[in-house]
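Sequences and hints are given; from them, build the entire structure.
Protein chains in written order, with the numbering used here: chain A, 53 to 467; chain B, 143 to 853.
Bear in mind the hints are in silico, worked out from the structure with no lab data behind them.
Beta carbons: idealized from backbone N, C-alpha and C, even for Gly.
A few of these clues could be false.
Said to hold, decoys possible - A few chain B residues that don't get close to chain A, going by computed Cβ distances all over 12 Å: (1) 334; (2) 528; (3) 558; (4) 690; (5) 756; (6) 773; (7) 779; (8) 785.
As the list claims (entries may be wrong) - With a straight-line cut-off of 30 Å between C-alpha atoms, the simulated DSSO-like cross-links for lysine-lysine are: (9) A:83 with B:190; (10) B:190 with B:656; (11) B:663 with B:478; (12) B:190 with A:263; (13) B:410 with B:240; (14) A:263 with B:210.
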Amino acid sequence: MSPNSTAVRREVRNVVFVDGVRTPFGKAGDKGIYAGTRADDLIVKCIRDLLRRNPSLPPERIDDVAIAATTQTGDQGLTIGRTAALLAGLPRTVPGFAIDRMCAGAMTAVTTTASGIAFGAYDVVIAGGVEHMGNHPMGAGTDPNPRFMSEKLVDPAALNMGNTAENLHDRFPAITKDRTDAYAAASQEKLAAAYESGQIQPDLVPVASRKPGAGWRLNTVDEPPRPGTTVEDLAGLRTPFRSHGRVTAGNAAGLNDGATAALLASSDTAAELGLPVKMRLVAYAFAGVEPEVMGIGPVPATEKALRQAGLSIDDIGLFEINEAFAVQVLSFLDHFGIADDDARVNRYGGAIAVGHPLASSGVRLMTQLARQFEEDPSVRHGMTTMCIGLGMGATVIWENPHHPDYSGNVPEDAV
Amino acid sequence: MSFDRFEELAALVPDETMTHSYVQDVQLPDGAGTLALITLDNGLDHTKPTTLGPNTLIELGRTLEALKERGLNGEVAAVAITGKPYFLVAGADLSTVKTLKAESHGRLMAELGHAAYDLLGDMGVPSFAFINGVALGGGLEVALAANYRTISTGANGIGLPEAFIGLVPGWGGVYKLPRLIGPAAALKVMIENPLSNNRMLDGRAAFKLGIADALFEPADFLEQSLLWASRVLADSSAVASRRAEIACFDEADWDSAVAAGRAFVAAKTSNAAPAPGKVLDLFEAGKHYTREESAAAECEALTGLMQSPEFHSTVYAFLDLVQKRAKRPAGAPDKKLARSVTKVGVVGAGLMAGQLALLFARQLKVPVVMTDVDQARVDQGVAWVHAEVDKLLGKKRMSQDAANRTKALVSGSVSKSVFADADFVIEAVFEEMGVKKTVFAEVEAVVSAECILATNTSSLSVAEMAADLAHPERVVGFHFFNPVAAMPLLEIVKAPRTDDAVLATAFAVAKELKKNAVLVKDATAFVVNRILGRMFGEITAVFDEGTDAATADDALRPMGLPMTPFKLLALVGLPVGQHVQESLHAAFGDRFHVSTNQQKLIDAGVKGLWNRNDEGADVVPESTLALLSVGDSPSSSAEVLRRTQDALADEIGRMLAEGVVAAPEDIDLCVIMGAGWPMHLGGITPYLDRVGASERVTGKTFHSCGGAGAA
Numbered sequence: 053m054s055p056n057s058t059a060v061r062r063e064v065r066n067v068v069f070v071d072g073v074r075t076p077f078g079k080a081g082d083k084g085i086y087a088g089t090r091a092d093d094l095i096v097k098c099i100r101d102l103l104r105r106n107p108s109l110p111p112e113r114i115d116d117v118a119i120a121a122t123t124q125t126g127d128q129g130l131t132i133g134r135t136a137a138l139l140a141g142l143p144r145t146v147p148g149f150a151i152d153r154m155c156a157g158a159m160t161a162v163t164t165t166a167s168g169i170a171f172g173a174y175d176v177v178i179a180g181g182v183e184h185m186g187n188h189p190m191g192a193g194t195d196p197n198p199r200f201m202s203e204k205l206v207d208p209a210a211l212n213m214g215n216t217a218e219n220l221h222d223r224f225p226a227i228t229k230d231r232t233d234a235y236a237a238a239s240q241e242k243l244a245a246a247y248e249s250g251q252i253q254p255d256l257v258p259v260a261s262r263k264p265g266a267g268w269r270l271n272t273v274d275e276p277p278r279p280g281t282t283v284e285d286l287a288g289l290r291t292p293f294r295s296h297g298r299v300t301a302g303n304a305a306g307l308n309d310g311a312t313a314a315l316l317a318s319s320d321t322a323a324e325l326g327l328p329v330k331m332r333l334v335a336y337a338f339a340g341v342e343p344e345v346m347g348i349g350p351v352p353a354t355e356k357a358l359r360q361a362g363l364s365i366d367d368i369g370l371f372e373i374n375e376a377f378a379v380q381v382l383s384f385l386d387h388f389g390i391a392d393d394d395a396r397v398n399r400y401g402g403a404i405a406v407g408h409p410l411a412s413s414g415v416r417l418m419t420q421l422a423r424q425f426e427e428d429p430s431v432r433h434g435m436t437t438m439c440i441g442l443g444m445g446a447t448v449i450w451e452n453p454h455h456p457d458y459s460g461n462v463p464e465d466a467v
Numbered sequence: 143m144s145f146d147r148f149e150e151l152a153a154l155v156p157d158e159t160m161t162h163s164y165v166q167d168v169q170l171p172d173g174a175g176t177l178a179l180i181t182l183d184n185g186l187d188h189t190k191p192t193t194l195g196p197n198t199l200i201e202l203g204r205t206l207e208a209l210k211e212r213g214l215n216g217e218v219a220a221v222a223i224t225g226k227p228y229f230l231v232a233g234a235d236l237s238t239v240k241t242l243k244a245e246s247h248g249r250l251m252a253e254l255g256h257a258a259y260d261l262l263g264d265m266g267v268p269s270f271a272f273i274n275g276v277a278l279g280g281g282l283e284v285a286l287a288a289n290y291r292t293i294s295t296g297a298n299g300i301g302l303p304e305a306f307i308g309l310v311p312g313w314g315g316v317y318k319l320p321r322l323i324g325p326a327a328a329l330k331v332m333i334e335n336p337l338s339n340n341r342m343l344d345g346r347a348a349f350k351l352g353i354a355d356a357l358f359e360p361a362d363f364l365e366q367s368l369l370w371a372s373r374v375l376a377d378s379s380a381v382a383s384r385r386a387e388i389a390c391f392d393e394a395d396w397d398s399a400v401a402a403g404r405a406f407v408a409a410k411t412s413n414a415a416p417a418p419g420k421v422l423d424l425f426e427a428g429k430h431y432t433r434e435e436s437a438a439a440e441c442e443a444l445t446g447l448m449q450s451p452e453f454h455s456t457v458y459a460f461l462d463l464v465q466k467r468a469k470r471p472a473g474a475p476d477k478k479l480a481r482s483v484t485k486v487g488v489v490g491a492g493l494m495a496g497q498l499a500l501l502f503a504r505q506l507k508v509p510v511v512m513t514d515v516d517q518a519r520v521d522q523g524v525a526w527v528h529a530e531v532d533k534l535l536g537k538k539r540m541s542q543d544a545a546n547r548t549k550a551l552v553s554g555s556v557s558k559s560v561f562a563d564a565d566f567v568i569e570a571v572f573e574e575m576g577v578k579k580t581v582f583a584e585v586e587a588v589v590s591a592e593c594i595l596a597t598n599t600s601s602l603s604v605a606e607m608a609a610d611l612a613h614p615e616r617v618v619g620f621h622f623f624n625p626v627a628a629m630p631l632l633e634i635v636k637a638p639r640t641d642d643a644v645l646a647t648a649f650a651v652a653k654e655l656k657k658n659a660v661l662v663k664d665a666t667a668f669v670v671n672r673i674l675g676r677m678f679g680e681i682t683a684v685f686d687e688g689t690d691a692a693t694a695d696d697a698l699r700p701m702g703l704p705m706t707p708f709k710l711l712a713l714v715g716l717p718v719g720q721h722v723q724e725s726l727h728a729a730f731g732d733r734f735h736v737s738t739n740q741q742k743l744i745d746a747g748v749k750g751l752w753n754r755n756d757e758g759a760d761v762v763p764e765s766t767l768a769l770l771s772v773g774d775s776p777s778s779s780a781e782v783l784r785r786t787q788d789a790l791a792d793e794i795g796r797m798l799a800e801g802v803v804a805a806p807e808d809i810d811l812c813v814i815m816g817a818g819w820p821m822h823l824g825g826i827t828p829y830l831d832r833v834g835a836s837e838r839v840t841g842k843t844f845h846s847c848g849g850a851g852a853a
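Here it is as structure tokens:
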């Protein structure tokens, strides 16, 4: 073994978030902007834009491409990380793979490849996710093992995410429909404000799409948002999962199409190549909970990640929490004693407004957190967290390089 | 409003496949405003190219009128046009254009294109074309009409093929292209490429020439084109300076480009078809034209050419034959009957056998085994194939892996036992019935009962070759043309006992070999050699009668054949030509003249009548003249031409009566693909109709009035 080999010199390296982009999100279904557009084309446009935005990165320096998708068939199949790399025009020497952890797919793509960077296996990676829920309706083609039912391993109702959200209301009676609707309306309002002040657009990749009888159009903004939504509008909506229930299309994320991708690097490689550092990875954790109340998953995942980081919840200055359901966000906030309208939480609104193309959402949270870090150097630590189907949670804690006490600066002589 | 006068024209084509002009407003980045994006889309998949007919052009024109209005109102800052996937637009709808019988309608069609395209060039706001795919003829001209162009590296099929089709780039192409990319490059696109097997450009080449201002990759071509457009709206100086660099020429360059173009056309076509010359006339006269002056001249030229028989013949040859009939051979059995071919045998290891072995190994990618009478010949044959593979490798036309694979597939043996597990064995041995029959009997002794026996004979009876076999139904004729790799035609000969599975397999193999197969009857020399033989017979006959060599050999120049008869004979080889001629004479008698003078040349070892002298001129050397004895009744050039036309009409009439092929269309396909006869003759039968030969000789035309040859 050469004395200079990574394995001999092994030390855990700092991992930084260099950049992140996403497509505008679309509404799934025939009327959505991406009806007729392929999922792999969506992720390819993200990868290409990342490279264009970071011209100092030689493409051959990318060590792996990890792309998540929940349904890995058709245009999301064929090992989408590899096909996307080839379709994006990356050198053939760049490998790729596919990842699935349902809603936390892209988040897992980030943590998995980040681990590889820390270990010394990679210097630079692309991690992202895609979900075209129009092409791949939730649950399509699945074949749950009958033992789930016969041995009562999982309540069949837990396979439907809306039901798990209703279950969460049962468990936490303090979270009322009024609260979730109010939270949802605020999410729409915050997103609209973020758009208004130009905080969303810089990280969107324009996507051309074409429909029969209409020609090509260019999609530059998200399709799902309903700015101006009021609690009164929301109060009247149907509760499709339970009669007289609490979960509606208005206080939950919709069914969406979209893709995201991020560029990660070891901090020394970022310095070597002159790549920007937008966040430093501090800690991450995944945790399992009862599948019937999967929305509570972020709580144990966050506790675990905080423990690893040696931080408390009070050290977290910004939260990007995925809004699969308002009730799930509120259960998290209640647990940690954070107010429903705390200014640290989802400053740009969340998935209830912008949409949640399952496996892609994790990187959207990170991209938005990175921009908020830049806007607010007083915040040192931030968190991206999300719930995951079949009862899981994922949390990643990040450090703000713009903060005066930032710990990740690479010493001059190390470059 | 301004397009109302074209409604009359549109009404003539009520069933036009419409290519619609869909408009979407795109918000450009950085507050650059709204770009109105037109998509040309016929709503069909990529197998159905978008085309431009009258209704389509009227819709495009009216769409542009409306957008111009919006531009004037300040609603849009720019206009762009692009296409459905793989096509910007493939060009004028030729099948529609050829139905425009009246001159006035042709003129309207020409003017309609200008009316629509002129709008795009003069929108009041900048206009862009995003060339995402095929842009041919009127399809490229719509892009040239726009103020700025981007092109995709994935685009293929870029060009102005009008000179090939029998028209001129008369929707502004002939005016705009030289001003954009310089006269020499423009004539390469408008003359050289069309007349070189209708060669086309790809996106990179078009960008390099200056046809487009920017080049983007297909993965996000439209997105990047739009971004680029917004930057050009802010600052177009980079485009302007690139253009100035590319279009740097003076009047002398223009004149020398014209001269070079004229020389090229003369060499390539003998000026037999009017279109290429017309392109050059317009080009030359257009040196000082304004756009309006050029437009008037273009419309005039287009109107005339649309009425020309050469244009109609070319559309027939190109669209009806090469693009349609060649892909669905008449008389081929159900392809489901075809058997798979997993190993091929080639009897013989000579030059023809080697060419066959190489072709089968490259295209079928199955083991190919060659046999011959001794090891030295076998080794030589295999070595020849391996050397050819190395040449392809050297020219980068084959990868190292493919070369390794192809070489490994080709082997040889002195024993025919290696054919035991072959599914298809083709013989390429000496052209003599006894030899062929012996070979087939030997092969039949070792192969399975289903193995197909194919013969590459050019003149012998396939039925007789099969007659004594245990399974005569397995024998089929598989007649290639030399050089095998280059010539696209394959005559598949059905003997009376050839069964349908064998025939279906033969057609399937032909398709895999990427050859265009035509089904022919088992009649001496089949189609191409019989027609060429009749032509050679007439030319050698008039020479033997006392017509001088130049008059005899040049008499057919008005037909624009790729080579004069005597030069073609020298290329084929006089002994081979004579052998075929003797077979034809034996089969059909005196209407196939066998030249005693030619035999004298062969006996003396002379390779051909013409010899190039030190000045580069073709002359018949004194030594050759001394060998010949000619008569004293020379014919004039016109007499030779008419006599040959009549002879061809006579022979083709007989072939159709005998059922050698299903229809005159197949005769035309054969001479286009097997002899390289020009499209503007429509192969040959429309030409013979047009010059009256078929009527003179057979009393009727090959095509019904208004058919292929009719103007």
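Classify the label on residue 528 of chain B as holds or violated, using whether its beta-carbon is more than 12 Å from each beta-carbon of chain A.
-> Since the minimum Cβ distance to chain A is about 29 Å, residue 528 of chain B lies beyond 12 Å and the statement holds.
Can we trust that residue 773 of chain B is non-interface, i.e. its beta-carbon lies farther than 12 Å from all of chain A?
-> For residue 773 of chain B, whose nearest Cβ neighbour in chain A is about 71 Å away, the distance exceeds 12 Å, so it holds.
Per the stated criterion, does the least C-beta distance between residue 785 of chain B and chain A lie above 12 Å, as a non-interface residue requires?
-> Per Cβ check, residue 785 of chain B is outside 12 Å of chain A; nearest 59 Å; holds.
Within 30 Å, alpha carbon to alpha carbon, are residue 83 of chain A and residue 190 of chain B?
-> 26 Å, holds
Cβ separation check - residue 690 of chain B to all of chain A, threshold 12 Å | 64 Å, holds
Beyond 12 Å from chain A, beta-carbon-wise, is residue 756 of chain B?
-> 55 Å, holds
Is the straight-line distance between the alpha-carbon of residue 410 of chain B and that of residue 240 of chain B 30 Å or less?
-> 25 Å, holds
Is the nearest CB of chain A more than 12 Å from the CB of residue 779 of chain B?
-> 57 Å, holds
Is the straight-line distance between the alpha-carbon of residue 190 of chain B and that of residue 263 of chain A 30 Å or less?
-> 17 Å, holds
Going by Cβ atoms, does residue 558 of chain B stay more than 12 Å from chain A at every point?
-> 45 Å, holds
Holds or violated: residue 190 of chain B with residue 656 of chain B, Cα cutoff 30 Å?
-> 22 Å, holds
Take the C-alpha atoms of residue 663 of chain B and residue 478 of chain B, compute the straight-line distance between them, and say whether it is at most 30 Å.
-> 22 Å, holds
Violation of the numbered hints given earlier is absent; every hint is satisfied by the structure.
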